[in-house]
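Undergrad: Given chain A, work out where chain B should sit, using these hints.
Same order as they appear, the protein sequences are chains A and B.
Numbering-wise, the first sequence is residues 1 to 439 according to this note's numbering.
Numbering-wise, the second sequence is residues 1 to 300 according to this note's numbering.
The hints are simulated quantities; they were obtained by calculation from the structure and are not laboratory data.
All of these numbers come straight from a predicted model, not from anything done at the bench.
Among these hints, one or two may not hold up.
[What the hints assert, rightly or not] Covered stretches of chain B (in silico footprint by chain A; criterion: 3 or more residues with CB under 8 Å from a CB of chain A, positions within the stretch not fixed): (1) 49-55; (2) 84-95; (3) 124-131.
Where a beta carbon is used, it is the ideal one built from N, C-alpha and C, also for glycine.
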Amino acid sequence: MEKLKLIIAREYMSTVSSKSFIVMTILMPVLMLLIVAVPLAIGYLNDAGSDVEKVAVIDETGRYGQAIKATDLFEFVTLRGDTVGDPRQFYDKASGSLAAVVVIPRDVDSTAQVTVFSDKTVNMSLKSHIARSLSDTITQAHIAAYGVPNLQKMIDEANVDVDVKSVKWSDDGSETESSTEIAMVIGMILAFLTYMFVLMYGAMIMNGVIEEKTNRIVEVIVSSCKPFQLMMGKIIGVALVGLTQLAIWTVVMGVITSVVGAVLGVNLLTMSPSSMSPEAMAAMNEAQGFDMSGVLQAVMGVNYLQIFTCFVLYFIGGYLLYAALFAAFGSAVDQASDASQFTSPIIIIMIVALYAGMACIENPNGPMAVWCSIIPFTSPVVMMVRLPYDVPFWQLALSVVLLFATAAALVWVAARIYRTGILLYGKKTSFKEILRWIK
Amino acid sequence: MANFIEVRDVVKQYDGHMALNHVSVDVPEGCIYGLLGPNGAGKTSLIRIINLITRPDSGTVTLDGHLIVEDDVRHIGYLPEERGLYKKMKVGDQIVYLARLKGMPKADAQREMLDWLDRFDLSEWRDKKLEALSKGMQQKVQFIATVIHHPKLLIFDEPFSGFDPVNADQLKAEILRLNEQGSTILFSTHNMESVEAVCERISLINHSQVVLEGRVDDIRQQHKKNIIAVDLAPGAKLEANDRLFGLTPPPPGSRETWIQLADGVAVRDAIAWLNEHNQLTGFHEVLPSMHEIFVETVKG
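With the rest of the complex left out, here is chain A (with noise of 0.2 Å):
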């Protein structure tokens, strides 16, 4: 035991002491920072640098021209059509300080088409900006037109959006309001967490155990303790590294963001301007329909200590599992490039077990789902996005055992596997060589 911890120890330090996790633990805020940050920078200076264009409106219809209001980019000139012919005309006189010339025709009550001349390849925004106009006034004159009393509000009464809401009924008979689609969401984002938490540190395992038998510092320490002492204390080791660098980069990602929120007035993580008010806000979420406080009452009504309590005990099994495959396989191989033919099974595993998980969510107690969320290798995934769905206490339990004595066999077979591979060298390893081992 002893032992173990000066291992652990020793892995710990000298990973996180190293020059690589140094700068991979401050690179990586800095550069989710930046895919954030530089789209948001580069709107800010796209608007910031140009001067208000002139653009001209040609109505032969004397109705609509006035409904185009001015924007940040774009002023607009009404103009009364009647005499017109070449629009071009109104281009030249102008000459430069026109960006473009707008022509709604006399027919476009019709036709609905208007027309955009330019010397230049017309810019999108105005394009929309006159289509989003246009086809308000257009509809509301329209209506209008038909000379129905109270035709509009009729219209707006008539539209109708269906809200499912879904109530849970509990043994006692009392009625929730279900939260199934937030928890599995948080389900489905802890599982992926795991996922690449295994991808990223089992590599980091599977490395660092390259490194010990190509050094041969291996038959050094294995002198002084058990092979399999060593490969706990890496994996546990890389463990505790991968924990410390998840939690530096929360820690950093939330001081930046409200830092940078801060300078910029803006929240970077919902992306809204922060000098919205709360009828816009409100109004933004009726538009899409979406019904905030329904959404924050769901989320408080998630079961976190079931998932938290299950995310705890899937991504230590999941995370032993998959880390013993990786010790074994660094310690069959001589260098990184040859250890490919042992890692991409492991990692087609990973991605069927990430989409059964996401095709779980259509169907959570389907066949499919219910196996996979007990076979080992998938259930860390699946098994968390079923969790909300009722799933039998049994199917759980099961899941669990199962997934432990998995973990706990494969460490055993891992250690078998690493006693021999690592003392060997000079020799391409097989699968089948690797199955003569663990006898």
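TA: For chain B alone, coordinates are given in the frame of chain A:
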């Protein structure tokens, strides 16, 4: 003298290949013992079994009178032939870590590490990463890591390979000093000169079996071919006597004169005759070198 290590009838097989075939070796306490043999004979397999890195298929290993157990690794220091340390770890930390893995308390390990670095003039490198050191210095660090926990048994696999002559001498002196302080030392080597210079006893392993075992002096005596090198006065020519001896060529490059005694002739009779009939100024018995015995035995 009691045996510190007793290997009894050890068998080890890998994938149908017999690595050790009923091998027995006794290493007396305080002895410098040589484990000889060509590459692939089974030396490393035997060393790994004594080190508890692998287990024998059958047979036993006894250390200091009891069957060897996991905890005994603290009494063993092992320098493998393929040297290896953590390249990115600081020299001092590395030595202390390896000492503590052997069960040494942290404070003792720290103190001994400083002493040893001082002894090898490496003090200024203590906080440098290993990869910053020259190869010779790295070897010294590895040597320190091998001996720092005062092991009663030291196992060196080809200890002198990769050392320049100056460092090799320093290393040899340290090994002899540790031996005087009571450590039993097991060398695995095919460097025959070092065997003659330092080993008291040897086992020669060939094709997974011990083919020759005993005290180095005894083995050389047993393998001697009754050859005497004689020194004559300058210009004198040796007068032969077929009844007592014949001439035998010395090794290429040697200017000595060698004679081989006939069967049953005592050295003193031959010398007496030579002294009478030649201008003899000196003589010494030629014992076969371990190198010759090795080659002769292995080629069989």
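Undergrad: Now tell me, hint by hint, if it's right for this structure.
TA: So, going through the hints one by one against the coordinates:
Note: the region 49-55 of chain B has 4 residues with beta-carbon separation from chain A under 8 Å; the three-residue rule is met and the coverage holds. Chain A is given as covering the region 84-95 of chain B, and this holds because 6 residues of the stretch bring a CB closer than 8 Å to a CB of that chain, at least three being needed. Judged by the Cβ-Cβ criterion of 8 Å, the region 124-131 of chain B is not covered by chain A as claimed, because only 0 of its residues qualify and three are needed.
Consistency with the previously given hints fails for number 3 only.
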